[in-house]
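K.L.:
Could you build the full structure based on these sequences and the hints that come with them?
Single-letter residue listing:
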Amino acid sequence: MDKRRLWEAVRPYVMILPAMAGIILFVIYPVLYLVKLSFYKYNLLNASRSKFIGLDNFTQIFTRGDFYSALINTVVYTVGVVLLTLILSLLIAVWLSRKSRFNAVVQAGIFTPHIISIVSIALVWMWMMEPSYGLLNFLLKSLGLPTSQWLQSSRTAMMSIIIVSVWQGIGYYTLIIVAALQSIPPSIYEAAALDNAGKFKMFYKITLPLISPQLFFILIIMTIGSFKVFDTVKIMTGGGPNNATTTLVYYIYEFRTTSIGYASATGVVLMAIIALLTFVYFRLLARKVHYQ
Amino acid sequence: MPRGLRQEASGNDGNTGLAGGVTLASIELVQVTKSFDKNVVIKDLNLKIEDGKFTVLVGPSGCGKTTLMRMIAGLDPQTSGSVLIDGKDVTRIPPGRRGVAMVFQNYAIYPTMSVRENIEFGLKNNKVPKEERIRLVESISETVGLRPYLDRKPSTLSGGQRQRVALARAMVKKPAVFLMDEPLSNLDAKLRVQMRIELIELHKKLGTTFVYVTHDQVEAMSMADTIVLMNQGEIQQEAPPEVIYRKPGNLFVAQFIGVPPMNVGELGADGVTFGFRPEHAVLSAEPGDFHYSVRGTIVTREMLGSETIYQVRTDRHTFMIKCTEDRFSADQEVFMGVPADKLFFFGADGNRLDERDQRIAGYMNALRVQSHG
Numbered sequence: 001m002d003k004r005r006l007w008e009a010v011r012p013y014v015m016i017l018p019a020m021a022g023i024i025l026f027v028i029y030p031v032l033y034l035v036k037l038s039f040y041k042y043n044l045l046n047a048s049r050s051k052f053i054g055l056d057n058f059t060q061i062f063t064r065g066d067f068y069s070a071l072i073n074t075v076v077y078t079v080g081v082v083l084l085t086l087i088l089s090l091l092i093a094v095w096l097s098r099k100s101r102f103n104a105v106v107q108a109g110i111f112t113p114h115i116i117s118i119v120s121i122a123l124v125w126m127w128m129m130e131p132s133y134g135l136l137n138f139l140l141k142s143l144g145l146p147t148s149q150w151l152q153s154s155r156t157a158m159m160s161i162i163i164v165s166v167w168q169g170i171g172y173y174t175l176i177i178v179a180a181l182q183s184i185p186p187s188i189y190e191a192a193a194l195d196n197a198g199k200f201k202m203f204y205k206i207t208l209p210l211i212s213p214q215l216f217f218i219l220i221i222m223t224i225g226s227f228k229v230f231d232t233v234k235i236m237t238g239g240g241p242n243n244a245t246t247t248l249v250y251y252i253y254e255f256r257t258t259s260i261g262y263a264s265a266t267g268v269v270l271m272a273i274i275a276l277l278t279f280v281y282f283r284l285l286a287r288k289v290h291y292q
Numbered sequence: 001m002p003r004g005l006r007q008e009a010s011g012n013d014g015n016t017g018l019a020g021g022v023t024l025a026s027i028e029l030v031q032v033t034k035s036f037d038k039n040v041v042i043k044d045l046n047l048k049i050e051d052g053k054f055t056v057l058v059g060p061s062g063c064g065k066t067t068l069m070r071m072i073a074g075l076d077p078q079t080s081g082s083v084l085i086d087g088k089d090v091t092r093i094p095p096g097r098r099g100v101a102m103v104f105q106n107y108a109i110y111p112t113m114s115v116r117e118n119i120e121f122g123l124k125n126n127k128v129p130k131e132e133r134i135r136l137v138e139s140i141s142e143t144v145g146l147r148p149y150l151d152r153k154p155s156t157l158s159g160g161q162r163q164r165v166a167l168a169r170a171m172v173k174k175p176a177v178f179l180m181d182e183p184l185s186n187l188d189a190k191l192r193v194q195m196r197i198e199l200i201e202l203h204k205k206l207g208t209t210f211v212y213v214t215h216d217q218v219e220a221m222s223m224a225d226t227i228v229l230m231n232q233g234e235i236q237q238e239a240p241p242e243v244i245y246r247k248p249g250n251l252f253v254a255q256f257i258g259v260p261p262m263n264v265g266e267l268g269a270d271g272v273t274f275g276f277r278p279e280h281a282v283l284s285a286e287p288g289d290f291h292y293s294v295r296g297t298i299v300t301r302e303m304l305g306s307e308t309i310y311q312v313r314t315d316r317h318t319f320m321i322k323c324t325e326d327r328f329s330a331d332q333e334v335f336m337g338v339p340a341d342k343l344f345f346f347g348a349d350g351n352r353l354d355e356r357d358q359r360i361a362g363y364m365n366a367l368r369v370q371s372h373g
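Heads up: the sequence lines are chains A and B, in that order.
The first sequence runs 1 to 292 under my numbering.
The second sequence runs 1 to 373 under my numbering.
Do not rely on the hints blindly, as some may be mistaken.
Derived pair list, reagent style DSSO-like, types lysine-lysine, alpha-carbon separation capped at 27 Å [as the list claims (entries may be wrong)]:
| id | chain 1 | residue 1 | chain 2 | residue 2 |
| --- | --- | --- | --- | --- |
| 1 | B | K153 | A | K288 |
| 2 | B | K53 | A | K201 |
| 3 | A | K201 | B | K38 |
| 4 | B | K130 | B | K88 |
| 5 | A | K199 | B | K174 |
| 6 | A | K99 | B | K174 |
Some, not all, of what chain A presents toward chain B, calculated at C-beta under 7 Å [as the list claims (entries may be wrong)]:
| id | residue |
| --- | --- |
| 7 | V75 |
| 8 | E190 |
| 9 | D195 |
Rather than coming from a laboratory, the hints here were simulated on the basis of the structure.
Since the model is a prediction, treat every value here as computed from it, not as a measurement.
For glycine and all other residues, C-beta sits at the position ideal for the given N, C-alpha and C.
P.N.:
Listed below in structure tokens is the structure:
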């Protein structure tokens, strides 16, 4: 009888053991190891000569100008990508939410970039953004508009990367918002029509609150994703020109061989920033989100 | 359920904010046709709904009753023809400016707004000043018993309370016409009966035009001043409940109204059908002296308390018989009789033959021959 009671008590833990083993091995241990590394001056050639230096790495991070410029670049990138993607995909979704064959084709078209590797996308856009022979400048010129240096100038490089990221992500988020819009019962709009609500009021008072959970989800997912941007930067600009597009993750990457400890410390800081941002989002916006 | 309309309705009218300024409006549909793509649902329909009356549109699903109501509301405007409210053609007037309010089957409450905001939304859109709005919302919520729930979200309310929110939202606009699209079908049976009575009282109190859509003939019979019975986009009969029941215009009406519906059988002459109501047949162990009298066997017995319903099979037909007494059991052999004045005859086209019709005498004889098998 006692044996059985013991099994009853232990059983839940045995059940979650496989999953927990995976999480501990692949999530918790690496994070803890990252934190540990951030306290060391790590020697790649001879690990035994690594030295515990306490918070020195962190002091260095917060006193170096290049960290702040990387942070500012990342913030600019994130704000640009999140705002543009949210606004554009919301507009496109509202346009596409009516079910028709034409809309289905357009939706599939907009979604396509999402299934293409970001490497291919980046390379194609680099080619199109080439200042002398690229398609974009050709189009601008034929329309009589001023051309741009795109990736070649530190003034426009970040904007160019933002354009590519927005272009790649928009279809996926449009899809989520379209699904949200289509789940709103039409009778609610009919009730609003009988309540003499105008188009703008319907959108602002009914549509937006009803899709707010999805918008909030997109906001958080995209903010986290944008803060960790790397591949586009790596392929298109390599952080240049003149570090104008060096983002936090690219900054970490640059220290991958020279200073593992410093890179780890920056990783910890990045993690903290993202956690803080998410927390702030929840504090500020959770009351405006209507779950049903 | 806190306080119902019922208690309030008998109370002080002056406090409701609804007394005075009652606007009435008749509704007229002239030669309206509605088609979805190439599918014609309603063709050249004419209907006049009197002001201040409780009119129930009833019929089987797909008969066009909801379509008709949505045309009045302006949600799905007619393909051709015109809709007149209070004598004015409203074809080009959007739903929000027609002076109508609608209660939807699924209530269509704004889920992200509180009860107060739900009720207030239409008033805000109509630019009603704030003090007036507060006064109206509070008096209406008092009437429907939602006062304690004004700041709650609809998701925290029960089905019956949500129904009241939908009602309050419609009432607060003081519409000239109330449209209700099967508003009770999502409630449980007990609450439905209670709400039925509350709606009758609400109509009496407001005195406005009510148009009510249902597929439930019991709801139609119990609430209507006038029943408009529809089938396949056409009006079958338009009459008060007692006329619909006692003088059904045709076979369809006869078999749609009544629980169980009217018993019908082939007469075997001119394609004529005869019929009688289940409660007008008399069952007895001995053959009785009735105009139409047949021998049959009881197949099933449903004891419902105040009455018992027997299914009786004769050699030609199967009839449902409603008795107030419970004297027989299944498989028993019985005699069933119907007096002459309770018999109906329907022509080959399905229309009921008038009592004064000269052919009736002949059909009565034909039926007499069928008697006693």
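K.L.:
If a hint holds in the structure, say so; if it doesn't, say that too.
P.N.:
How the hints compare with the structure:
1. For the hint pairing K153/B with K288/A, the CA-to-CA distance comes to about 14 Å; that is within 27 Å, so the pair holds.
2. A C-alpha spacing of about 34 Å is found between K53/B and K201/A, which places the hinted pair above 27 Å, so the restraint is violated.
3. Pair hint K201/A plus K38/B does not hold up; C-alpha atoms about 34 Å apart against a cutoff of 27 Å.
4. A C-alpha spacing of about 31 Å is found between K130/B and K88/B, which places the hinted pair above 27 Å, so the restraint is violated.
5. Of the pairs offered as hints, the one joining K199/A and K174/B holds, with about 23 Å between alpha carbons and a cut-off of 27 Å not exceeded.
6. Proximity of K99/A to K174/B is assessed by CA-CA distance (about 36 Å); at most 27 Å being required, the pair is judged violated.
7. With a cut of 7 Å, the hint placing V75/A at the interface with chain B is violated, because the nearest CB-to-CB distance is about 31 Å.
8. Below 7 Å, beta-carbon pairs count as interface contacts, and E190/A has one with chain B at about 5 Å; its hint therefore holds.
9. Checking D195/A against chain B by beta carbon gives a least distance of about 4 Å; that is within 7 Å, so the hint holds.
In the structure shown, a violation is registered for the earlier hints numbered 2, 3, 4, 6, 7, in ascending order.
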